[in-house]
Amino acid sequence: MSEKKPPLLEVDDLSVTFSQRGRDPVEAVSEVSFTIGEGENVGIVGESGSGKSVTSMALMGLLPERGVTVGGSARYQGKDLLRMSRRELNRIRGTEIAMVFQDPMSSLNPVVTIGTQISEVIKRHNRVTSKQAADRSAELLDRVGIPDPRRRLSEYPHQLSGGIRQRVLIAIALACEPKLLIADEPTTALDVTIQAQILTQLRELVADFGTSLIMITHDLGVVAGLCDEVHVMYAGRIVESADRRPLFAQPRHPYTGGLLQSVPRLDSPRDEPLEPIPGSPTDTLPWSEGCAFQPRCSNAVDQCLQQTPRLEPDDGRLLRCFNPLEGGGRDR
Amino acid sequence: MTAEPVTTASTAKRREPERGESLWRGAFRRLSRRPVAIAGAVIVFLFLLVALLAPLLAPYEPASTEWTELSTPYWVQGHSPDHPLGIDRWGSDMLTQLIYGARQSLIIGVVATAIGLVAGAALGALAGAFGGWVDMIVMRFVDIMLSVPSLLLAISIAAIMGKSSMALMIAIGVGQVPIFARLLRGSMLGQNEADYVLAANALGLRKRTIVMGHVLPNSLGPTIVQATLNLATAIIEVAALSYLGLGEGDPAVAEWGRMIVSAQDRFEIAPWLAFYPGICIAVTALGFTLLGESLREALDPKQRR
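Going down the list, the protein sequences come from chains H and C.
Residues 100 to 431, numbered by my numbering, are exactly what the first sequence covers, in order.
Residues 1357 to 1661, numbered by my numbering, are exactly what the second sequence covers, in order.
It is worth saying that the hints were derived from the structure and are not from the lab.
Certain hints may be false.
[As the list claims (entries may be wrong)] What follows is a list of derived Cβ distance ranges for each label pair: (1) H/ASP414 x C/GLY1542: 24 to 32 Å; (2) C/PHE1486 x H/THR287: 55 to 63 Å; (3) H/ASP401 x C/PHE1486: 52 to 60 Å; (4) C/ALA1395 x H/ARG186: 49 to 57 Å.
[As the list claims (entries may be wrong)] Each computed EDC-like pair below joins lysine to aspartate or glutamate, with the alpha-carbon atoms no more than 20 Å apart: (5) H/LYS278 x H/GLU164; (6) H/LYS222 x H/ASP241; (7) C/LYS1563 x H/GLU164; (8) H/LYS230 x H/GLU254; (9) H/LYS278 x H/GLU137; (10) C/LYS1563 x H/GLU195; (11) H/LYS278 x H/GLU303; (12) H/LYS222 x H/ASP202; (13) C/LYS1563 x H/GLU187.
[Said to hold, decoys possible] On the chain H side, residues computed to face chain C include the following (Cβ under 8 Å): (14) GLU187; (15) ARG190; (16) ILE191; (17) ARG192; (18) MET198; (19) SER205; (20) SER206; (21) PRO209; (22) GLU219; (23) ARG223; (24) HIS224.
For glycine and all other residues, C-beta sits at the position ideal for the given N, C-alpha and C.
One chain only, chain H, in its complex shape (with noise of 0.2 Å):
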């Protein structure tokens, strides 16, 4: 979807298999491949499980390495993530790619203050001094609008309120100015007022630095917002993406059709009740052929029963269903 630049992150048929000793194996992500340009966003949208978080641990190296199969390719500029060793992953993680994680008020150290914290990123990637790296921390948190940075520095994480720390988080990943951050949930914890202010302040610092953002979330809403292209995800698989506007407008697959009714809009009529998905991911077919949205697919056809859809192109998106929703006029 963009021919313009060659892209930074190539993700090629991304496939996470979790297995266990006495268990059949868990194929958590399989076939997912998209690709990220330059100052690119991208969103990948899902409910629980269905493997966004999974997907950019593994891009990352983050999944542990027992009982956890990763396949395909993950090309960034070139060189592919998946089959680095960890210390080329260390060098890139952080400086290159960094993350943003779902839970500010676990994801920062306890009994370390929040100077030290980000101090000690910069200087790792960075020969800089103590004194050099502490004025860079303050600038950080000035910049990702947290007031009296000077002050934070000497602060604990349980002094600050959950939206400081998710500044500080950002601030963190954003300290060495990488090319391509991953942002898992950023706002899921937070107070809806919050939410607002840290994505458009997330939208403005990625702008800013020219870094490209994989914007991972359950919330539409959020991707409405912030990102160029949307990959839909359904158990582990890509369902549906397309750009922003056509996704929202004309959603095809009956998942995205799904999400889209389930959140609340301005423009509807007030007494129309909002129309949740039925069922939950944990409805699947027990046989390995067939669409595994098929259980709680009101567009189901017999079809989906018998033969698992593949992801095609279909008037500028990719779509994997055999009976979409209405809108392209060609109707399978």
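Dock chain C against the given chain H, drawing on the hints supplied.
Same frame as chain H, but now just chain C:
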């Protein structure tokens, strides 16, 4: 603090310090509000004071045998103005002996616990930091240590090294190594799963930085608490081993456990000779236990008040 818009009501009510407050300083602040902790601290403080200032506090020279005639198998002088706690069977002043005994308990207890803490923490940190086969070898070694009964170990060490305080310290210290090793390893492994360790990994921090700067400081709490509690155990063990005749060989050195032994054959006519050192051991152990338990509660993040 008032300018902070997101302060919740409960934190606003409490007087929070202006500057950053570390986990340990916070724990100390919570400790200072608990009567049990204060009681423990007072006992420990008095004990330390008596041990350190023994020459100043004791009314007589230690191990003097001036009053031998006041202590015979048929009659022991009890409480008197000159000797408030009486005379022991060797004819020295009981109070003086008790005061000097505190010294011995403190030195042996602290050194023994230090030996256990340093060796155990080193083993535990090794296992916790490297994991894998290092962890397996270290922990099997610790299991072997655990399988030897501590009393047997102490007797063997005393047999090799002779009857001396040093043997006692090593015997008690070695017995504590597995406790500290397992504790530190366990809490380090727990911390390895923590989100901030994951975050530190995602930032490309060196393994050394993550272990030394993040995992270890967060894991030390339980170990420090255990050390305080083990001081109490060590003091009791010193007395127990001395009672069995494994402690300091020199009869001139006062030691609570041995005072109980020597009081035994006068027990019918002078039970207080066994009673006073017994009380000293119990109260000191209680002090360290109270302090340790309160410290554990103060450091427990789930019980923050």
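Hints versus structure:
| no. | hint | in the structure |
| --- | --- | --- |
| 1 | H/ASP414 x C/GLY1542: 24 to 32 Å | 57 Å, violated |
| 2 | C/PHE1486 x H/THR287: 55 to 63 Å | 35 Å, violated |
| 3 | H/ASP401 x C/PHE1486: 52 to 60 Å | 56 Å, holds |
| 4 | C/ALA1395 x H/ARG186: 49 to 57 Å | 54 Å, holds |
| 5 | H/LYS278 x H/GLU164 | 26 Å, violated |
| 6 | H/LYS222 x H/ASP241 | 19 Å, holds |
| 7 | C/LYS1563 x H/GLU164 | 16 Å, holds |
| 8 | H/LYS230 x H/GLU254 | 17 Å, holds |
| 9 | H/LYS278 x H/GLU137 | 8 Å, holds |
| 10 | C/LYS1563 x H/GLU195 | 18 Å, holds |
| 11 | H/LYS278 x H/GLU303 | 15 Å, holds |
| 12 | H/LYS222 x H/ASP202 | 25 Å, violated |
| 13 | C/LYS1563 x H/GLU187 | 13 Å, holds |
| 14 | GLU187 | 10 Å, violated |
| 15 | ARG190 | 7 Å, holds |
| 16 | ILE191 | 7 Å, holds |
| 17 | ARG192 | 4 Å, holds |
| 18 | MET198 | 4 Å, holds |
| 19 | SER205 | 4 Å, holds |
| 20 | SER206 | 5 Å, holds |
| 21 | PRO209 | 6 Å, holds |
| 22 | GLU219 | 7 Å, holds |
| 23 | ARG223 | 6 Å, holds |
| 24 | HIS224 | 7 Å, holds |
Comparing the model with each earlier hint shows violations of hints 1, 2, 5, 12, 14; every other hint is respected.
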